[in-house]
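Asks: So the chains spell out like this:
There are 2 protein chains.
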Amino acid sequence: MFSKACEYGIRASTYIALQSLEGRRVSLKEIADKIDSPVAFTAKILQLLSKNNIVDSQKGAYGGFEINRKQMDILKLSDIVDAIDGDTIYAGCGLGLKECNSDKPCPVHDKFVDIRNNLKQMLENTSLFEMTVGLAVGLTYLKQ
Amino acid sequence: MFSKACEYGIRASTYIALQSLEGRRVSLKEIADKIDSPVAFTAKILQLLSKNNIVDSQKGAYGGFEINRKQMDILKLSDIVDAIDGDTIYAGCGLGLKECNSDKPCPVHDKFVDIRNNLKQMLENTSLFEMTVGLAVGLTYLKQ
DNA sequence: ATTAAATAGGACAAAAATATCCGATTTACA
DNA sequence: TGTAAATCGGATATTTTTGTCCTATTTAAT
Chain B
1 MFSKACEYGI RASTYIALQS LEGRRVSLKE IADKIDSPVA FTAKILQLLS KNNIVDSQKG
61 AYGGFEINRK QMDILKLSDI VDAIDGDTIY AGCGLGLKEC NSDKPCPVHD KFVDIRNNLK
121 QMLENTSLFE MTVGLAVGLT YLKQ
Chain F
1 MFSKACEYGI RASTYIALQS LEGRRVSLKE IADKIDSPVA FTAKILQLLS KNNIVDSQKG
61 AYGGFEINRK QMDILKLSDI VDAIDGDTIY AGCGLGLKEC NSDKPCPVHD KFVDIRNNLK
121 QMLENTSLFE MTVGLAVGLT YLKQ
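These protein sequence lines are chains B and F, in that order.
Its first residue numbered 1, the first sequence is counted upward by one per residue in our numbering.
Its first residue numbered 1, the second sequence is counted upward by one per residue in our numbering.
Just so you know, the hints here were simulated from the structure itself, not pulled from any lab data.
Errors might be hidden in some of the hints.
Computed list of lysine-lysine pairs in DSBU-like fashion (alpha-carbon distance at most 35 Å, straight line) [stated by the list, open to error]: (1) F/Lys-111 with B/Lys-111; (2) F/Lys-98 with B/Lys-70; (3) F/Lys-4 with B/Lys-34; (4) B/Lys-98 with F/Lys-76; (5) B/Lys-4 with F/Lys-70; (6) F/Lys-98 with B/Lys-104; (7) F/Lys-104 with F/Lys-44; (8) F/Lys-70 with B/Lys-29; (9) F/Lys-104 with B/Lys-143; (10) F/Lys-104 with B/Lys-104; (11) F/Lys-76 with F/Lys-4; (12) B/Lys-4 with B/Lys-51; (13) B/Lys-44 with F/Lys-34; (14) F/Lys-70 with B/Lys-98; (15) F/Lys-98 with B/Lys-4; (16) F/Lys-44 with B/Lys-104; (17) B/Lys-120 with B/Lys-70; (18) F/Lys-34 with B/Lys-98; (19) B/Lys-98 with F/Lys-29; (20) B/Lys-143 with B/Lys-4; (21) B/Lys-104 with F/Lys-120; (22) B/Lys-34 with F/Lys-34; (23) F/Lys-76 with B/Lys-29; (24) B/Lys-70 with F/Lys-111; (25) F/Lys-76 with B/Lys-34; (26) F/Lys-111 with F/Lys-59; (27) F/Lys-104 with F/Lys-70; (28) F/Lys-34 with F/Lys-51; (29) F/Lys-70 with F/Lys-98; (30) F/Lys-29 with F/Lys-104; (31) F/Lys-98 with F/Lys-4; (32) F/Lys-51 with B/Lys-98; (33) F/Lys-70 with B/Lys-44; (34) B/Lys-44 with F/Lys-4.
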């Protein structure tokens, strides 16, 4: 569904948000450890998220990553996915046709439109804060 | 959503089914041309589909690929996807966690379960014949 | 000022997915 | 029986994704 990069990106954002709720700025090392992802690869993804204003980064000693409380409400899962994987999940034909639309649909066009709309709605309606609260109260997890 | 291989596989199966409705067995070359896919790569995918009894293949002169009419009703989109991409779309965690279930869910587990169930239902309820009839009457397309 | 700790970013490496090439085998027909 | 047309299957090549390594830069504290 998502690329590995995107999976790591979502997990990283969620962990950063969780710690930011407690006023803690977190380092790359801690993030990679807590979400069980390769450190250097995660660094690249965090750079991307930082450039896309998904996370705030602070260089230097006592630096790290954080996300402010207001952003957690504003940021939706779709924003993170867009930043890393683009809109290929919603947009584009399920069978890979260059141009596929209601005028000239592929054999599964209509059925995919439904599924994709559901997915898009879900991603656009799920805030980062929402994902984080479950973690905060111990109902959900970021690694096994 | 699907791999390129799977996209080609679905398009190929649909085209073969369409021609089989008219009693025509079709060659690899014709398939690749009509679904706009790389010939040699499509050959590999057809081998896989043949081994998985999705399509029938006939070697030698006047050989090619076909799918019998009964199979078109029995074969679901999910069978083709399973044969090529496996069950990674339904199964497996949306965030890539090794073990993610209702006991120890990731932050988006419940929301993904819904989406994935919808997708699974759709794939399992869509027969190859159903995909083919639209093509046959010129309502749907496999290239452009 | 110096130092230690942190992100930034470029270059490189490995693995997986996508794609190609070519010879072996099979088959129908002349 | 020979030949042309077709799939089969192994080896190889290319591209993309995933992952690593190393140096530069930034920053806070001493």
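Asks: When you check the alpha-carbon spacing of F/Lys-76 and B/Lys-29, does it fall within 35 Å?
Replies: violated, 46 Å
Asks: Given the hinted pair F/Lys-111 and B/Lys-111, is their alpha-carbon gap at most 35 Å?
Replies: Holds, at roughly 20 Å.
Asks: Would the hint linking B/Lys-70 and F/Lys-111 be met if the CA-CA limit is 35 Å?
Replies: holds, 23 Å
Asks: Given the hinted pair F/Lys-70 and B/Lys-44, is their Cα-Cα distance within 35 Å?
Replies: With a Cα-Cα distance of about 51 Å, the restraint between F/Lys-70 and B/Lys-44 is violated, given a limit of 35 Å.
Asks: Would the hint linking F/Lys-104 and B/Lys-104 be met if the CA-CA limit is 35 Å?
Replies: Status violated; Cα separation ~44 Å.
Asks: Within 35 Å, alpha carbon to alpha carbon, are F/Lys-98 and B/Lys-70?
Replies: holds, 32 Å
Asks: Below or equal to 35 Å on CA atoms is what counts here, so check F/Lys-70 against B/Lys-98.
Replies: holds, 31 Å
Asks: With a cut-off of 35 Å on the C-alpha distance, tell me whether F/Lys-70 and B/Lys-29 pass.
Replies: Distance of about 57 Å is beyond 35 Å: violated.
Asks: What's the verdict on F/Lys-70 and F/Lys-98, does the C-alpha distance respect the 35 Å limit or exceed it?
Replies: Judged against 35 Å, a Cα distance of about 39 Å means the pair is violated.
Asks: Starting from F/Lys-98, check that the Cα of B/Lys-104 is at most 35 Å away, please.
Replies: violated, 40 Å
Asks: For a C-alpha distance cap of 35 Å, please report whether F/Lys-111 and F/Lys-59 respect it.
Replies: violated, 47 Å
Asks: Taking only the CA atoms, is the gap from F/Lys-98 to F/Lys-4 under or equal to 35 Å?
Replies: Cα-Cα ~25 Å, so holds.
In the structure shown, a violation is registered for the earlier hints numbered 5, 6, 7, 8, 10, 13, 22, 23, 25, 26, 27, 29, 30, 33, in ascending order.
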